[in-house]
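A.B. asks: The listed protein sequences derive, respectively, from chains A and B. Residue 218 in our numbering sits at position 218 of the first sequence; the count goes up by one each step and never skips. Residue 1358 in our numbering sits at position 358 of the second sequence; the count goes up by one each step and never skips.
Possibly wrong hints are sitting among the right ones.
[As the list claims (entries may be wrong)] With a cut-off of at most 25 Å between alpha-carbon atoms, the simulated BS3-like pairs for lysine-lysine come out as follows: (1) B:Lys1404 / A:Lys140; (2) B:Lys1418 / A:Lys106; (3) B:Lys1104 / B:Lys1075; (4) A:Lys106 / B:Lys1404; (5) B:Lys1418 / B:Lys1376; (6) B:Lys1083 / B:Lys1104; (7) A:Lys106 / B:Lys1239; (8) B:Lys1377 / B:Lys1415; (9) A:Lys205 / A:Lys227; (10) A:Lys140 / A:Lys101; (11) B:Lys1131 / B:Lys1104.
For the record, the hints were derived by calculation from the structure and aren't laboratory data.
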Amino acid sequence: MTIVNKNFRNGCLLAWMVLNASFSVFGQADQLSSYRTTVTARIDLAADQLTSVQAETGPNQKVKEVNLQLINGELVLQYELDFASNEDYCDVAIDVSLDRKPLPIKNYDLLGNTGTQQREDPAHKTVILTHLLENFLDLKGDLMLTINAKFSGTRILRYGVTCDGPRPEFTPKQKLPYYLVVGASAGMIGVAQIFKASSNQTYSKYEHYQRDHPEDGTREAFDLFYKDAQSDHKIYWILQYGGGAILAANVTWFVVRAVRNKRAGKEYDEYCAPAKVGFQPYIGRPESLTGTETGFSLTYHF
Amino acid sequence: MKPFRQFVGILFWALPTLGISQSQCFKEFLDLGIQAYNREDFQGAFANFRAISGCDQLTANQVRQMNDWIDKANKGYADFMTKARKDAEDARDRALNALDEAQKARDEAQLQAQISEANRLAFIASQEVEKGNGNDALVLAYRAMDLTREHPTPSILLAFGNAIDASYGKTLVGHNQDVLSMNIAPDHQDIITSSADGTVKIWNPEGAMQHTLSGISSYCSKVVLAPSNNRFLAVNEDKKVSIYSMDGQLVASTPMQNEEIATLAISHDGSSFAAGSRNGQASLFDLQGHLIAPLNGHQAPVNAIQFSPDDSKILTVSADKTARLWRRSDGTLISALQDPAGFIYQAAFSPDGSRILLASSDNLAYLYDGNGQLIKKLTGHDAPVVCAALSINHVLLTASLDGKVMLWDQDGNLKATKSAHEQVITRAAFSPDGNYWFTGSGDHTVKIWTAEGTLKAILNQHLGTINDIAFSPDSQFILTASADHTAKLWDLAGNLRMNQDAFQGEVLAAGFSSDGTLLWSCSADGGARFVGNPVVLFTQLTEHPVLPDERQIELYHLNGQ
């Protein structure tokens, strides 16, 4: 039983591998994953104090070994990036807030490892937030730094979609052969029932003559009925199980192909991001708000 | 009076013939005289009293009475005449005053009519500015100014300033990130901007871009003009300081530093400069980029460098909470100013170089002499001291995050304490002439104070954080740059004289040319702008009315020429 099960499992695995192998594999550079890691602390810049430093890194975080220090009036943030095998680079951006209000840190006041970090670079990264004394004077309160890391690299496309072509669909034209096979196999099964009935009828005759004329010298005639019944039964069996097997295989292949097309379509949607019909309204603050105006902006993305 | 005198004369001569007794004669004339005296008919009284002398056998007492009454009558008459003359003079004065009042009323009415007309013109000029018709706005606003030359109203002053900005202002378009600084050459022929996009651009006076220098550090984007040598300095991305000519040609570079260069300063005589690095090293170079002397000793980034007014010393300020004073000639350390226990927010020499003042985050300010010897710790602030300033009049100013300002004499004796703002003070400085000082606060206001600490004006029209404040070289104006996308020019009375609102991003810095005739501002939207000082331009337009188009003819007419 164990052997049978193992063989069955191996067979399924093989079938899955064959199935997967039938899908083309292409590689293309794209953003693969993004992570937000926060580090919080209590700061009193004028007093040169940074306390209660706490980094929040989950079990699946790829931004690791996060640490924050206050050195010479500058915040020094350290972290490491954990690249997967197919990830080539990571775009790192730092957001800073004090008492839950964003701090306007200019890019040119950040020194070190922000922006694009290559896989080949040393894993240990350092970002220095400079000019804090000059720009903020009174930096006191609950500080939160957020590391936004977006990993990009070679996307493994399981279903081999290409954005140049149309979205993968299981069209009625493609489904037609399957329907024809279903019809043919159903026909085979139907014909098998005819042969089954004929076989049963002939065999009944054989049984009837054998019961009624056990000593009759016409045994050859009885055997002829038996042979006919045997022949019909054989044809029935072939048509019945052959048609059933074809039907089962056809349905299986139909389902597999339908699933594959559905997944390919989903991959196409995710990767190629085709223009969608309709619009996405977005309500937010006006971009050029000076502080004197109030209200909101309504933006439509077509 | 004349008939009456004749009557009395007749009576005088007729008395003896009337047979009146002598005592009765005296009494009759005396009574008549007294009655006349009481009526203030002093001439009649005098005549009656004199008539007594015609009575016979007057006693000595009667003669004395007569003379007394004659004297009284004379005096009464004199007083009466004096009073009459005074009344006449008063009446004349009242008439003259009434005439003056009438003339004043007429002048006031004329002035009011002029102001009304000028306000109308200023209003239309403002509308023309809104429409983008700068030239029309300038003609109207100039006329409004001309009508109210002695008494321009705030709205007229603002309309003229805005018209000047609309008509004469030049916008420098070319940077694609924050413009962080602008320098205008003393001859106004070259304007240099530096940006976070890693470039320095050189522009001509018409606002056309002439040269672009790339590879400039965005971390230290400071560009320093050499005062006389037609050169400027900029920090390169490759940790060098480069010396450029005004046509953008590289003249020389310093050797590469080990760390990012954090700050840069040039001597007042323009012959040498100093650069401070993030690794605590500072170096003194000549204008050919040759190292004169290393200034080593700081343990943390050097954040600021200053040359003393006489260029004999160099002050470096570091994040290691110390300042160091160096001899410029050979780079030797004169004194390490290690007293502060906190970060040094600001350090400054006095204009005569005899004092050094440090503002520290340990709530103290530290006063040193010109050789770096501590004179006094200035106590009294209850929060980190973030501003330190010294005036030409030997007054010291310290300002702290709790909004308090303290004024001291040059020996560190407290002169005055002011609660200047409810919120943090971010900037404070003396005017070049030492007569005023300003405070800028996180409450989006700027306050102007007299040197003695009397509040003179509150500049409260900004709606965002104030990023920069500058006094004009002549101490007559203040320019403010704000996150509300505007730069504003103010006079010391608090009148808004120009409102630059053409930027799409916050205004990061603003200032004046060295002669005060141009003012500039630069923005986070990648733009920068410069324009003439409205007061200077008004004078120029009045003396030499040259406007951008043929409307100068109209201005000639307006000027009555």
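A.B. asks: So, for every hint listed, does it hold in this structure?
C.D. replies: Outcome of the hint check:
1. Only pairs whose Cα atoms come within 25 Å are accepted, and B:Lys1404 paired with A:Lys140 is accepted, the gap being roughly 19 Å.
2. Restraint check for B:Lys1418 and A:Lys106: not satisfied, since their Cα atoms lie roughly 34 Å apart, outside the 25 Å limit.
3. Proximity of B:Lys1104 to B:Lys1075 is assessed by CA-CA distance (about 42 Å); at most 25 Å being required, the pair is judged violated.
4. Note on A:Lys106 and B:Lys1404: the hinted pairing is violated, with a Cα-Cα distance of about 29 Å set against a maximum of 25 Å.
5. Between the alpha carbons of B:Lys1418 and B:Lys1376 the distance comes to roughly 21 Å, so the proposed pair stays at or under 25 Å and holds.
6. Using a Cα cut-off of 25 Å, the hinted pair B:Lys1083 and B:Lys1104 is violated, with the two alpha carbons roughly 30 Å apart.
7. The straight-line distance between the Cα atoms of A:Lys106 and B:Lys1239 is roughly 20 Å, inside the 25 Å bound, and the hint therefore holds.
8. Taking the CA atoms of B:Lys1377 and B:Lys1415, the gap is about 15 Å. The hint holds against a cut of 25 Å.
9. The hinted pair formed by A:Lys205 and A:Lys227 meets the criterion: a straight-line CA distance of about 12 Å does not exceed 25 Å.
10. Pair hint A:Lys140 plus A:Lys101 holds up; C-alpha atoms about 12 Å apart against a cutoff of 25 Å.
11. A distance of roughly 40 Å separates the Cα atoms of B:Lys1131 and B:Lys1104; the hinted pair therefore is violated under the 25 Å criterion.
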